[in-house]
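Colleague: Sequence:
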Amino acid sequence: MTNNPRRVIPIIRSRKEKTTMSVGQYCNRHVVTTERGTGIQEIARIMRQRHVGTVVVVERRNDKEYPVGIITDRDLVVEVMGQGLSPETLTVADVMTSNLVTAHEEDNFWRALDRLSAKGVRRLPVIDNDGALIGILTVDDVLTALAVGLSDVTRLVQREIAKEVQQRQ
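Taken in order, the sequence shown gives residues 7 to 175; the numbers are from our numbering.
Certain hints may be false.
Label-pair ranges, simulated between beta-carbon atoms [to be verified]: (1) N105 x R56: 20 to 26 Å; (2) K169 x D136: 49 to 55 Å; (3) M87 x V38: 18 to 24 Å; (4) G88 x K169: 30 to 36 Å; (5) Q173 x H57: 17 to 23 Å; (6) S92 x R161: 53 to 59 Å; (7) T103 x T160: 33 to 39 Å; (8) I52 x E112: 26 to 32 Å; (9) I167 x V38: 42 to 48 Å.
It should be emphasised that the hints constitute simulated quantities derived from the structure, not laboratory data.
Yeah, the Cβ is synthetic: ideal placement off N, Cα and C, and Gly gets one too.
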């Protein structure tokens, strides 16, 4: 047992790595998507209506969507508004991040978390074996999974304390 908060994540990780935790289990399957030619004002409206800060840019082929970029509300503020550009004249292709970092749905959850951290991104589009978009893994998804893990650790600690108290009586 540890009193050091920095040790909690490795404890959760070591317990969870013993089981198969795939990205597909934790990613959000409801992804808002668009194509490169969509106007910036339209993307802002979509983000507002759908209550999202991220839209995955896709190419549609054979009834599937293949991720080619990502655009965030921060991109709109920093790259468009912050530079005094006119949103009426820009498209998603002008602003999107195209060097995507993705995760495969069968990737280990913890390795995907390492990739998020190493690449300094907050979102990973999740793809299937064909490279088609099937979801998105966000920092929020990671925090939810960690909260569940912390709950497991809390129960374990409570059981250990109860057992120790019982042994001392």
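Colleague: Now tell me if each hint is right for this structure.
Modeller: Now for the hints, and whether the structure bears them out:
no.: 1; hint: N105 x R56: 20 to 26 Å; result: 25 Å, holds
no.: 2; hint: K169 x D136: 49 to 55 Å; result: 50 Å, holds
no.: 3; hint: M87 x V38: 18 to 24 Å; result: 20 Å, holds
no.: 4; hint: G88 x K169: 30 to 36 Å; result: 57 Å, violated
no.: 5; hint: Q173 x H57: 17 to 23 Å; result: 51 Å, violated
no.: 6; hint: S92 x R161: 53 to 59 Å; result: 55 Å, holds
no.: 7; hint: T103 x T160: 33 to 39 Å; result: 38 Å, holds
no.: 8; hint: I52 x E112: 26 to 32 Å; result: 30 Å, holds
no.: 9; hint: I167 x V38: 42 to 48 Å; result: 45 Å, holds
Violation of the numbered hints given earlier is confined to hints 4 and 5; the remaining hints are satisfied by the structure.
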